[in-house]
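Sequence order for the protein chains is G and Z.
In terms of our numbering, the first sequence has 452 at position 69, counting the first letter as 1, and numbering is strictly consecutive.
In terms of our numbering, the second sequence has 1219 at position 81, counting the first letter as 1, and numbering is strictly consecutive.
In silico lysine-lysine, DSS-like type, Cα no more than 27 Å apart, as pairs:
1. Z/K1157 <-> G/K552
2. G/K514 <-> G/K415
3. G/K469 <-> Z/K1152
4. G/K552 <-> Z/K1152
5. G/K415 <-> G/K485
6. G/K650 <-> G/K608
7. Z/K1434 <-> Z/K1336
8. G/K585 <-> G/K552
9. G/K469 <-> G/K416
Stretches of chain G that chain Z covers, calculated by requiring three or more beta carbons in the stretch to come under 8 Å of a beta carbon on chain Z:
10. 417-430
11. 476-484
To be clear, the hints were calculated from the coordinates, so they are not data collected in a lab.
Bear in mind that the values here come from a model prediction, so they are computed numbers and not experimental data.
Cβ coordinates follow ideal geometry from the N, Cα and C atoms, glycine included.
Spelled out, the chains give:
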Amino acid sequence: MALVDTSKYAELTDAVARALELIDFGFKKGVKKIAIKPNLCYYWKSTTGETTDPHLVEAIIDVLRMKCEVDEILIVESDATAVKAKYAFRALGYERLARRKKVRLLNLCENESLSGPHVSPTISREIRIPKILTEVDLFVSVPKLKFHSLTGLTCALKNQFGCIPIRRKVVFHSRIHETIALINKLIPPDLVVVDGIIAGGKTPKRLDLIMACSDAVAVDCAAAKIAGLSAGRIKYIAQSEKNGVGSMNYQCVGDDIQYFAKRFPRKGLVSRFARKALLKSYALYLRFFTLEGKIFNKQPTLGS
Amino acid sequence: MKNAKVVAVADTSKSVLSKISKLGIQTYVDYRKMIEKNELDAVIISLPNYLHKDCCFLSSERGCDILVEKPMGRNHEEGRQIADHVKRSGVKLMVGMCHRFIRGCQELKETVEKETLGQIEFASALFFTGPFISGSRRVSEWIFDRDRIGGGALLDAGCHLIDLFIWFFGEVRSVTGYVESSFNLGYDDYSEVSMRFKNGVNALAVASWRARVPCYRVEIVGEAGRKVAFSKKFGIFELGLRKGLSSFVKESLLQRMSGRPFLPLGDDIYYEELNYFVKCILNDEEPKPDADDWLKVSKVINLVYQKDKPINVP
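My request is simple: use the sequences and hints to build the entire structure.
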């Protein structure tokens, strides 16, 4: 796992090239078609710490073109419950990037998908996988490093959740950890380059970090460490390891992980406990003091 | 609400209509059918911007008084057409400039009128909001279509601030403005308008769709001091909840605590606005702001959209 401080480099392209050099990433021969999956979860710019920086994707495209004789590069994203990929591409600067770099933008919801095998009995819905991701020679995931209200952390493994080619992904939220583990088993990325340039912690903060690795589980473990979370307590990471997606044991090369961990805007203990206590009391309130709580034994949708 | 009864609602959302029909209210998918089939005294038009003109025309032809959401028209010309048509029909029309009903803004208006701050020299206002603020709400397709929306931050949010300033200070003498589009949607997502009023006040309004957390503030500065208005729920309480809890829990909590739906601007401004509109109809008074008030606002917006080029420092 490579950690690179981008502030040491004049160009992002150099930082990305250095990160790949550090992990000694071996490009397969005959790589012709590449898919890049950024995290475009909402119409919020990368400076908010929520979406992938298009400049990083641009740098990755440059490096890939230097390393392989590529015929086609695709930037892929799918519609989500609240977002349309078409408008996210436009609003977040990916349309401009595609024109400049002559790459194709692809909405996975509008393309052919394959029926995925039911591996997990706990997910009652069928998870389809985009056909295009099974056809590409190299699949690069470019997640954002940030907190997430449902899963605790969003990084490489959670970014794959965005590959599910249906709009109403909210139907998987009740089984989100199992779904993330399953989708990673079905379509694991070949390479992960994490955008931690501006990370989404308690507040957005410039970390100037990019991480590169071919193992998505290892990336998420390191990301959890930087964010001050325990990787073992994030269910989808442990489950993905069990599924054979990767290993929770990792070795860092490049810049010191502690340097980034110290700068990451973590949530304070007080706010974490206060939030938990508030949520618990709200659940009790719903359960005992509201009509719907009494009838349906309703629990609120709680974040982890 | 006393003295008024909701008899019919038109919406394209089936789930919304099914909830409303349980309240014994007639529901329609097509607003044209709703207006044609019912003998309505008044209609509240809260449609996408591009449908305001059609619905205003139809309602006024059927003799309904109108409360239309801002912007009344997508541009100054469309606004003028609506104003002319409504005047010919003889019905009342009020534009939903709800910020006039924010308690703090009403206090500012009182301050200006009573001259308790002496001569007002300067006023500023900022409003950071927009369709992308929630992070979880689906944004309608028409928002992304320049033709159907007509304009961005300035038309959607800036109009409130311009209207407040015109309400406070009267006639505008000159205008300069600047708009930016970083979302590449073909219209502005950030705007600044600087206005000079005939009574000597200078005012600056900034509206943006870029922020993730809403922000609202109106300030007037006079010879004897300054006064600020901001909406209560943008205060420490609301932001504290926003940081610590998911929006679902936060909104549910606020609803439960206040016993009514969560209103992003705080206060009961929408209720106050509607109450005022109904009172005007019952007392046969002309509600304010009316179509002419909107035209004053849209004239300023039009000027800014036409001449938005900044002068570069050589």
